[in-house]
Amino acid sequence: MDELSGYLFVGAVLFVCGVICMTTKRNGIGVLMGVELVLNGANLNFVAFSRFSPLGLDGQVVALFVIVLAAAEAAVALAIALNFYNNHQTIDVDRGNELSG
Amino acid sequence: MPVILAAGNLADFFETEAQLTEPWPMIAAAVVHVALVGAFFGLPAGIGIWAERKVSGRIQDRLGPTRVGGKFGWLQSLADGMKLVQKEDLAPSAADGMLFRVAPYIVIVASITAFMVLPFSDGWVSVAMDCGLFLIFAILSLEVVGVILAGYSSGSKWALFGAMREAAQMVSYEIPMAICGLVPIVAAGSLNLGEIGEMQQGLAYNWLIFNNPCTLAGFFVYFTCATASCKRAPFDLAEAESELVAGFLTEYSGMRWSFFFLGEYASMFVVSGIATILFLGGWHDGLGIVSGLRANSQVGEYIAQILGIGIFISKASLLVLVQIWVRWTLPRLRIDQVMTTCLKYLLPISCVLFLGAIIWPLLLMGTGKTHLISPLGERVPRTAAVEKVESDLGEASGIPMDLEDLIENESSEGEAPADDSTSADHSAGDDEATDAPEEAASDSGEDK
Amino acid sequence: MAGAQLLFLLFALATCASAVMVVVSQNVVRMAFWLIISLGSTSALYFLLHADFVGATQLLVYVGGTLVLLVFGVMLTASGPHVKIKMSPAEGFLAAGVGCLFLAMIFFTVIPVANDWDEVVIRLEAQNDVTDAGGGYNALGEGNTTRPLGLSFLGTRPDKDLNSTSGTLSTGYLLPFEIVSVHLLVVLIGAAYLARAKRRVDAEEA
Numbered sequence: 000m001d002e003l004s005g006y007l008f009v010g011a012v013l014f015v016c017g018v019i020c021m022t023t024k025r026n027g028i029g030v031l032m033g034v035e036l037v038l039n040g041a042n043l044n045f046v047a048f049s050r051f052s053p054l055g056l057d058g059q060v061v062a063l064f065v066i067v068l069a070a071a072e073a074a075v076a077l078a079i080a081l082n083f084y085n086n087h088q089t090i091d092v093d094r095g096n097e098l099s100g
Numbered sequence: 000m001p002v003i004l005a006a007g008n009l010a011d012f013f014e015t016e017a018q019l020t021e022p023w024p025m026i027a028a029a030v031v032h033v034a035l036v037g038a039f040f041g042l043p044a045g046i047g048i049w050a051e052r053k054v055s056g057r058i059q060d061r062l063g064p065t066r067v068g069g070k071f072g073w074l075q076s077l078a079d080g081m082k083l084v085q086k087e088d089l090a091p092s093a094a095d096g097m098l099f100r101v102a103p104y105i106v107i108v109a110s111i112t113a114f115m116v117l118p119f120s121d122g123w124v125s126v127a128m129d130c131g132l133f134l135i136f137a138i139l140s141l142e143v144v145g146v147i148l149a150g151y152s153s154g155s156k157w158a159l160f161g162a163m164r165e166a167a168q169m170v171s172y173e174i175p176m177a178i179c180g181l182v183p184i185v186a187a188g189s190l191n192l193g194e195i196g197e198m199q200q201g202l203a204y205n206w207l208i209f210n211n212p213c214t215l216a217g218f219f220v221y222f223t224c225a226t227a228s229c230k231r232a233p234f235d236l237a238e239a240e241s242e243l244v245a246g247f248l249t250e251y252s253g254m255r256w257s258f259f260f261l262g263e264y265a266s267m268f269v270v271s272g273i274a275t276i277l278f279l280g281g282w283h284d285g286l287g288i289v290s291g292l293r294a295n296s297q298v299g300e301y302i303a304q305i306l307g308i309g310i311f312i313s314k315a316s317l318l319v320l321v322q323i324w325v326r327w328t329l330p331r332l333r334i335d336q337v338m339t340t341c342l343k344y345l346l347p348i349s350c351v352l353f354l355g356a357i358i359w360p361l362l363l364m365g366t367g368k369t370h371l372i373s374p375l376g377e378r379v380p381r382t383a384a385v386e387k388v389e390s391d392l393g394e395a396s397g398i399p400m401d402l403e404d405l406i407e408n409e410s411s412e413g414e415a416p417a418d419d420s421t422s423a424d425h426s427a428g429d430d431e432a433t434d435a436p437e438e439a440a441s442d443s444g445e446d447k
Numbered sequence: 000m001a002g003a004q005l006l007f008l009l010f011a012l013a014t015c016a017s018a019v020m021v022v023v024s025q026n027v028v029r030m031a032f033w034l035i036i037s038l039g040s041t042s043a044l045y046f047l048l049h050a051d052f053v054g055a056t057q058l059l060v061y062v063g064g065t066l067v068l069l070v071f072g073v074m075l076t077a078s079g080p081h082v083k084i085k086m087s088p089a090e091g092f093l094a095a096g097v098g099c100l101f102l103a104m105i106f107f108t109v110i111p112v113a114n115d116w117d118e119v120v121i122r123l124e125a126q127n128d129v130t131d132a133g134g135g136y137n138a139l140g141e142g143n144t145t146r147p148l149g150l151s152f153l154g155t156r157p158d159k160d161l162n163s164t165s166g167t168l169s170t171g172y173l174l175p176f177e178i179v180s181v182h183l184l185v186v187l188i189g190a191a192y193l194a195r196a197k198r199r200v201d202a203e204e205a
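Residue numbers (numbering that gives the first Met the number 0), protein chains in the order written: chain A, 0 to 100; chain B, 0 to 447; chain C, 0 to 205.
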């Protein structure tokens, strides 16, 4: 089915961009943005499969849960990032290396 | 065709009548819708700015604009617009050029897009969807993104402070605003703005603001929060000229500056329109004229639609006028007072109202009514409800006439004395459908 | 459906291009801007998939809430208006290479899935006693999914059971819904505590 593959491709691009963003950005909030992209790629797949499968709204429900949990995750991660900034005076995640022996 | 195509019947019309091939009916319909909304949107923004100047002038014992366009300065907005278009489009050197140029468009797009789901009369809406109210609140919440970007990219501390204040204020006021929007939703039982509007036909006591004390109080709380979320005075801390020069607008000039204002007036109209539909009867006049006309004939229905649009726009404009009046009458609050008002007072109040709206039908259970003032909202006794279902079934399966009549008589004894007029009959049906959930559920179950 | 395809192409391109721009930009605020465009276009894709409620939630919670929070975070942690924590060009090339390989890998897994999808649908229908071929929830009326979604959160599944021939009822999502609500409350309190705690220590030190 052509339409389905289109949505899956977009989801794949979002996912890969998110992963690259997470691995290369050194700004803590940039890493968070990468996580958001990954979650959106997954969400797009959920909704697309829900649309093109005969199984009703399961995919949409899961997508809603993902959106809510992403909001929660962003709130906690942001609080951690602010604490990190208060302790290190920077948001560069490479500076958080106290635990490396 | 997906709902987002915003075309609906118009696209079908272009496809069948005008014989257009596939992508073009959609595009043509979208263009027509955009042109309608655009013309409509440009008009109240212009009138709103003119009204603001006239009203503020009168409140301050001045005349306001008098010369442009002959009397009353009624072309003043056009003259302003032409002046702003001619101005140089400049960005400060300290600014982040791309974001600085894009930010006004985000604000104005967020404001105009909200018109997409705002119905102006029964069914006269570009996209009718079940989650209409939800989507409108979602779109209006995007405006703050443009404001933050504008403030941040200006490269000026005034703009940054203004944007931070604005963001904090808009994000906080959205919460009580949305919760107060839910108070009439509890009474109406639908998020579809068209359905909510139609629910309030007939006489004025059917308006949701008179449904229960919580909706009555909810209207005023909603209106306060709406004023604040449109960054209107007395909540216009973001552009408090005595402290912040002009807040996030400091570095803007010319057309980009005016985009922020067009966006502000558009969202003023949108929040007033939502208040009109949710609380003040939408496109119904409260005297039963619109619903009476509609019941008469095909032509009457069309006239009723036109009349409905006029009524809707006048009600919403009246609320816009109140916002202008408040702006020029009340002094500006301090930022801590603004935040205190929202988080310590409006938010708990709106939560209590929401809870009250849920409890209210339970309180009324003993009285046998679901509506105190309106004679239409009487609770249908359970036996009568069951009999009504049976009579519906009987109609479907062809039970003899006399038995059916008997059941009809019995159930109408149990029902409300709802024989005042045709319109009253209509709303009695609606009230039952929303207020007696057992009956509605069993009815729809039988239909399927 | 050519109109829908046109819109799909438009929004798919916007989504992908701005996702790439998120990775490429070095300025955090610009990253946030491109992320907003990307997530906004994703919500448009949800609307094209007849998922109105999910699209509206994406706009309200994600773009209007989470991203505003992120931009706030950027503002609070930025030492100047244009923050750049740069990475070296070599890292950039490496990341681009790995990314392309990764993307190619996913594409080659996606293609067979999409090709065999019709068979999968037939198998799913057989396994779940569902008769509605290819319609999905579309029969409920062009994306008006608000009511069935609300009912599924209350524990009943009309969207599934109305198409089913087996007579058994499906379970809904009442328990996950409750868990998520409690989870949100905990997160709210926890985030407020985390963000406040340090400031108090600062006040004592100063």
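Note that these hints are calculated values from the structure, not bench results.
Just so it is clear, CB atoms sit at the ideal spot from N, CA and C, and this is done for glycine as well.
You may find that some hints are simply not true.
Claimed, not checked - Using C-beta positions, here's what the derived DEER-type ranges look like: (1) B/Val33 x A/Leu98: 37 to 45 Å; (2) B/Leu354 x C/Leu150: 18 to 26 Å; (3) B/Pro347 x C/Ile178: 40 to 48 Å; (4) A/Arg94 x B/Val30: 50 to 58 Å; (5) B/Leu83 x C/Ile110: 48 to 56 Å; (6) B/Val67 x C/Leu153: 41 to 49 Å.
Stated by the list, open to error - Facing chain C, according to a computed beta carbon distance under 8 Å, are these residues of chain A, among others: (7) Leu13; (8) Phe14; (9) Ala41; (10) Leu43; (11) Ala47; (12) Leu54; (13) Tyr84; (14) His87; (15) Gly95; (16) Leu98.
Unchecked claim - Away from chain B, derived, C-beta distances all over 10 Å, residues of chain C: (17) Leu12; (18) Asp51; (19) Val70; (20) Val112.
| Structure-inconsistent hints, enumerated in ascending order | Hints 1, 3, 6, 9, 14, 15, 16, 18 and 19 are the ones this structure does not satisfy, whereas the remaining hints hold.
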